[in-house]
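Number of protein chains: 2
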Amino acid sequence: MSKKAGASSRGMARYLPVLDWGRSYTPDALTSDLMAAVIVTIMLIPQSLAYAILAGLPPEMGIYASIVPIILYAIFGTSRVLAVGPVAVVSLMTAAAVGRIAETGSPDYIAAAITLAFLSGLFLLALGVFRLGFLANFLSHPVIAGFITASGIIIATSQLKHILGIQASGHNLYEFSLSLFENLGDTNWVTVIVGAGSAAFLFWVRKGLNPLLIGLGLKPRPADIIARAGPVFAVALTTLLAWTFDFGARGVALVGDVPRGLPPLTMPSFSLELWTSLVGSAVLISIIGFVESVSVAQTLAARKRQRIDPDQELIGLGAANIGAAFTGGYPVTGGFARSVVNFDAGAETPAAGAYTAVGLAIASLTLTPLIAYLPVATLAATIIVAVLSLVDFSILSKTWTYAKADFIAVSVTILATLAMGVEVGVTAGVLISILIHLYKSSRPHVAEVGQVPGTEHFRNILRHEVITHDEVLTVRVDESLYFANARFLEDYIYDAITGRQDLKHVILMCPAVNAIDMSALESLEAINERLKSSGVTFHLSEVKGPVMDRLLRSHFLNELTGQVFLSQHQAMCELAGPAKSRPPRKTKPKE
Amino acid sequence: MSKKAGASSRGMARYLPVLDWGRSYTPDALTSDLMAAVIVTIMLIPQSLAYAILAGLPPEMGIYASIVPIILYAIFGTSRVLAVGPVAVVSLMTAAAVGRIAETGSPDYIAAAITLAFLSGLFLLALGVFRLGFLANFLSHPVIAGFITASGIIIATSQLKHILGIQASGHNLYEFSLSLFENLGDTNWVTVIVGAGSAAFLFWVRKGLNPLLIGLGLKPRPADIIARAGPVFAVALTTLLAWTFDFGARGVALVGDVPRGLPPLTMPSFSLELWTSLVGSAVLISIIGFVESVSVAQTLAARKRQRIDPDQELIGLGAANIGAAFTGGYPVTGGFARSVVNFDAGAETPAAGAYTAVGLAIASLTLTPLIAYLPVATLAATIIVAVLSLVDFSILSKTWTYAKADFIAVSVTILATLAMGVEVGVTAGVLISILIHLYKSSRPHVAEVGQVPGTEHFRNILRHEVITHDEVLTVRVDESLYFANARFLEDYIYDAITGRQDLKHVILMCPAVNAIDMSALESLEAINERLKSSGVTFHLSEVKGPVMDRLLRSHFLNELTGQVFLSQHQAMCELAGPAKSRPPRKTKPKE
Numbered sequence: 004m005s006k007k008a009g010a011s012s013r014g015m016a017r018y019l020p021v022l023d024w025g026r027s028y029t030p031d032a033l034t035s036d037l038m039a040a041v042i043v044t045i046m047l048i049p050q051s052l053a054y055a056i057l058a059g060l061p062p063e064m065g066i067y068a069s070i071v072p073i074i075l076y077a078i079f080g081t082s083r084v085l086a087v088g089p090v091a092v093v094s095l096m097t098a099a100a101v102g103r104i105a106e107t108g109s110p111d112y113i114a115a116a117i118t119l120a121f122l123s124g125l126f127l128l129a130l131g132v133f134r135l136g137f138l139a140n141f142l143s144h145p146v147i148a149g150f151i152t153a154s155g156i157i158i159a160t161s162q163l164k165h166i167l168g169i170q171a172s173g174h175n176l177y178e179f180s181l182s183l184f185e186n187l188g189d190t191n192w193v194t195v196i197v198g199a200g201s202a203a204f205l206f207w208v209r210k211g212l213n214p215l216l217i218g219l220g221l222k223p224r225p226a227d228i229i230a231r232a233g234p235v236f237a238v239a240l241t242t243l244l245a246w247t248f249d250f251g252a253r254g255v256a257l258v259g260d261v262p263r264g265l266p267p268l269t270m271p272s273f274s275l276e277l278w279t280s281l282v283g284s285a286v287l288i289s290i291i292g293f294v295e296s297v298s299v300a301q302t303l304a305a306r307k308r309q310r311i312d313p314d315q316e317l318i319g320l321g322a323a324n325i326g327a328a329f330t331g332g333y334p335v336t337g338g339f340a341r342s343v344v345n346f347d348a349g350a351e352t353p354a355a356g357a358y359t360a361v362g363l364a365i366a367s368l369t370l371t372p373l374i375a376y377l378p379v380a381t382l383a384a385t386i387i388v389a390v391l392s393l394v395d396f397s398i399l400s401k402t403w404t405y406a407k408a409d410f411i412a413v414s415v416t417i418l419a420t421l422a423m424g425v426e427v428g429v430t431a432g433v434l435i436s437i438l439i440h441l442y443k444s445s446r447p448h449v450a451e452v453g454q455v456p457g458t459e460h461f462r463n464i465l466r467h468e469v470i471t472h473d474e475v476l477t478v479r480v481d482e483s484l485y486f487a488n489a490r491f492l493e494d495y496i497y498d499a500i501t502g503r504q505d506l507k508h509v510i511l512m513c514p515a516v517n518a519i520d521m522s523a524l525e526s527l528e529a530i531n532e533r534l535k536s537s538g539v540t541f542h543l544s545e546v547k548g549p550v551m552d553r554l555l556r557s558h559f560l561n562e563l564t565g566q567v568f569l570s571q572h573q574a575m576c577e578l579a580g581p582a583k584s585r586p587p588r589k590t591k592p593k594e
Numbered sequence: 004m005s006k007k008a009g010a011s012s013r014g015m016a017r018y019l020p021v022l023d024w025g026r027s028y029t030p031d032a033l034t035s036d037l038m039a040a041v042i043v044t045i046m047l048i049p050q051s052l053a054y055a056i057l058a059g060l061p062p063e064m065g066i067y068a069s070i071v072p073i074i075l076y077a078i079f080g081t082s083r084v085l086a087v088g089p090v091a092v093v094s095l096m097t098a099a100a101v102g103r104i105a106e107t108g109s110p111d112y113i114a115a116a117i118t119l120a121f122l123s124g125l126f127l128l129a130l131g132v133f134r135l136g137f138l139a140n141f142l143s144h145p146v147i148a149g150f151i152t153a154s155g156i157i158i159a160t161s162q163l164k165h166i167l168g169i170q171a172s173g174h175n176l177y178e179f180s181l182s183l184f185e186n187l188g189d190t191n192w193v194t195v196i197v198g199a200g201s202a203a204f205l206f207w208v209r210k211g212l213n214p215l216l217i218g219l220g221l222k223p224r225p226a227d228i229i230a231r232a233g234p235v236f237a238v239a240l241t242t243l244l245a246w247t248f249d250f251g252a253r254g255v256a257l258v259g260d261v262p263r264g265l266p267p268l269t270m271p272s273f274s275l276e277l278w279t280s281l282v283g284s285a286v287l288i289s290i291i292g293f294v295e296s297v298s299v300a301q302t303l304a305a306r307k308r309q310r311i312d313p314d315q316e317l318i319g320l321g322a323a324n325i326g327a328a329f330t331g332g333y334p335v336t337g338g339f340a341r342s343v344v345n346f347d348a349g350a351e352t353p354a355a356g357a358y359t360a361v362g363l364a365i366a367s368l369t370l371t372p373l374i375a376y377l378p379v380a381t382l383a384a385t386i387i388v389a390v391l392s393l394v395d396f397s398i399l400s401k402t403w404t405y406a407k408a409d410f411i412a413v414s415v416t417i418l419a420t421l422a423m424g425v426e427v428g429v430t431a432g433v434l435i436s437i438l439i440h441l442y443k444s445s446r447p448h449v450a451e452v453g454q455v456p457g458t459e460h461f462r463n464i465l466r467h468e469v470i471t472h473d474e475v476l477t478v479r480v481d482e483s484l485y486f487a488n489a490r491f492l493e494d495y496i497y498d499a500i501t502g503r504q505d506l507k508h509v510i511l512m513c514p515a516v517n518a519i520d521m522s523a524l525e526s527l528e529a530i531n532e533r534l535k536s537s538g539v540t541f542h543l544s545e546v547k548g549p550v551m552d553r554l555l556r557s558h559f560l561n562e563l564t565g566q567v568f569l570s571q572h573q574a575m576c577e578l579a580g581p582a583k584s585r586p587p588r589k590t591k592p593k594e
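Note that the protein sequences, when read in sequence, are chains A and B. Going by our numbering, the letters in the first sequence line up with residues 4 to 594, in that order. Going by our numbering, the letters in the second sequence line up with residues 4 to 594, in that order.
Next up, chain A with everything else stripped away, as it sits in the complex (with noise of 0.2 Å):
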């Protein structure tokens, strides 16, 4: 920690990263934020509205989710450029977690939704004080990867009763599936034509607009922000038509009214009942919204060179979820979607994020009873649109070429998920990366070792043409030493030594021997006094600093009966003598 003057206030910055860019704070960087916040701001609107649909909440709590959110994280967070807000999976993961306690739309189910992002904001900044956002590290890549894709099938499944009107309901996609299949009778007509209508435009949006605008001459970044303002064209053309065709007439669901106004205040239930069968659910929203955020985050800062503080990330999510809670909001995290306009609209600083709060304040106080006409098939169109993009199984052939181990735990990821719902797929996705790392710690690599000829090289006998000698066995072992593998390893050194009768010395080459605990002590003292009721010295070589400080704390090494060897070729010298001057006792081929 550096004590020089300006610590304390580069401390304070840490915690209060607007410190740091609102010193120098630029006109032109003025202009470009607002710029960007236009631009958001149009594009949130449609998509707040059908994200709190997704979580089966009031569509204005979608706008309300993302005013006060969106400043917190300006102030508290470290991505210049993320913008906070409801998102697909953590909306899908709400309604799942509310929907176990209460009826869909009920003000239990709301208050439920209000105290769920108030544990998960209690629950961020927990591990962002105490610094625990290591954490998240053990969401591997892959279980993500299959999670989300898995969360994708499940959301766009969702949707496809508001874009067919009819009703549907189930705790697990099957029962979804079956339920939906059942009423297929009742598909309104408009609605599909709205629906399927909007769904097939977007799409076209996101395949051919953007060519087509280059064709037209229009330069890259314009053209990518236009075609991605796509669900305005949509929303404001469906809302048009069912105003004028009086679509509700017709059995299409619209929105209806929604309140006109400034988020309102809103309070979290302190309920003690409440909170314990939401604290689980909370605590999996968290993990998984702070990992998809710090992952948008990473790649966006990663492109103009900066970094981001994962630890402070998290209070910067923490103070956005505790605000959504007091502002009628639901759980938020930092959105890949929004983000990423954000980004290519030129948002320079957390500033944009601040104006785009602005711009939907302005929206929920004027333009909400335009959302009245608005159809729910379109929302439903831009949802699937959107989240269809996020289903990807190639993590599936990658993993399987790669690593069987991230094979499996990608598969029960995806397969738990689709079957059981969000929380228990992530859980299981957690659960056998652990065990399966486990697994594999406990039985390490261990090989027997020779000289590599003319070397100072000591590589496995049975991938190396090497030197080996009657009386010297050399073992290197793979992994840290620990109560996992430690018997492992004795198994596998009175195995070696089994019909050698010629031996005279056991060496452990410890390269990769990071740690010994004491159950790994207690093997190593098990070994020595195995091979000297043989009349086997036992050595150990290339013996890591911090290992033989520790070793040095114990009676190991006065009790053991050989020494310990600083490199394995100074141990061979003096153990075997020079190499060359004694025959092989076997040379393999390279396998």
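Since the hints were made in silico from the structure, they are not lab data.
The list makes no distinction among identical chains, and a pair is therefore deemed to hold if it is satisfied within one copy or across any two copies.
DSBU-like cross-link-like pairs, simulated, lysine-lysine; straight-line CA separation at most 35 Å:
no., residue 1, residue 2
1, Lys507, Lys535
2, Lys443, Lys535
3, Lys222, Lys210
4, Lys222, Lys307
5, Lys210, Lys307
6, Lys407, Lys443
All of these numbers come straight from a predicted model, not from anything done at the bench.
Position chain B relative to chain A; hints supplied.
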């Protein structure tokens, strides 16, 4: 696997070790085994009665649990001298598990204990058949040591009520002690004299008799065996006193009528409800029993240069427990005291166990009328003296000096066991060990390294005087790379390159990297991209064979801006030229 003739009979012998030693059974071995069996039988009678009482079961169940299980273990087990039967810790765990379901001593209680043995046997068999014995390794040595110590305290305390002749109960040590204290007024002084007298006698036998006998000219082994028969003298003497002076009429609790006869045929319950409530306890009892048994078996096998096969041990113990369930027993495992006596008495093959079983069967046919006058306080005294030798707090100071992580695990285990009972205690111990391990491996040791002058060795710049170069940064990571530490490495490298303007190459030295999972691969790709955009090339060195094989299956090596070097020395020769020709960047003294 060998495909020669005889392989199939070896294969059979693997699952039926009796085929191995049975074939070469000699008259000499028969004599030794018979001698040992007589000694063990005499010692087992009081011990078996005592542990059944500790488990809250009728005393004869302790004898029954020693007959058929010991024979089944002799057939299926791999240790030549392990004696299977009731042991202290497993008896305590049985009482804890069954006590939750039924009132102590009631028919339901007995039925649950029998079912517990059955479930435990099934679980052990399953682990053995699927070769999952490695799972027991997750119970680290310090956790076991702490658990056994805490269990010893609980057992000794629980027996105080029998020594005092009063009632006491409680769900944990605190409640029990309080209840004991409240009922202190009911103390029966004759009972105290019998109990405390027996305990004092047994302590003296343990410490003082052995030297005395040796002083009288006996050889150490017979002296040791006589000393171990101490409980038999105490039992005989107090039984005689109780009969002579009619202790029963003076309020001394006696064992009372014990049915005379061979073990009865019993059936475990197949109630799903009972199974559900016992299965967790069965798993814990199995694992604790297995670990205890294997460590006894390994210790004794090592003294005779024999090997035991942990997976086959599971099958042996599984068969023993299933046998116990069908013959009026309760969960059993290999006991330390009985096995050591068996070993010291000269048992040569598992046949000694079978003869012991015959001896016990004869005892249960003939001696039971005598047992009626045996004071329970004498049995309590034998238990207290036996378990106090298990109590050993030195593990706390040992781990404190050697490794704080192990110290935390031991402390948590001891405290949780004392405060919340055996099941919570052992579970907490396992979980905390795994959590600490995951935490540590998520923050691997990463060091910047330089060349030791005049050698091909590269060491930590903070610990050794080494040569480094401005254009080359070499980072050695001392752990396999996986999801939990992948981001840590990214952060480390990004921090390390900050402000190093002359940097042209970053080398990741991987001698300790035994695996790179999908998440870590993605992190390496991210590092490569990030360095590329700063004009720095990224290299790997000393990548192990299996890791390299896997990297070759990914796209990473195509995208890598630098190379993969077989040795770090080679990397430096190529990237920085010969070390001598350049001035060292910095040379720090050894720390």
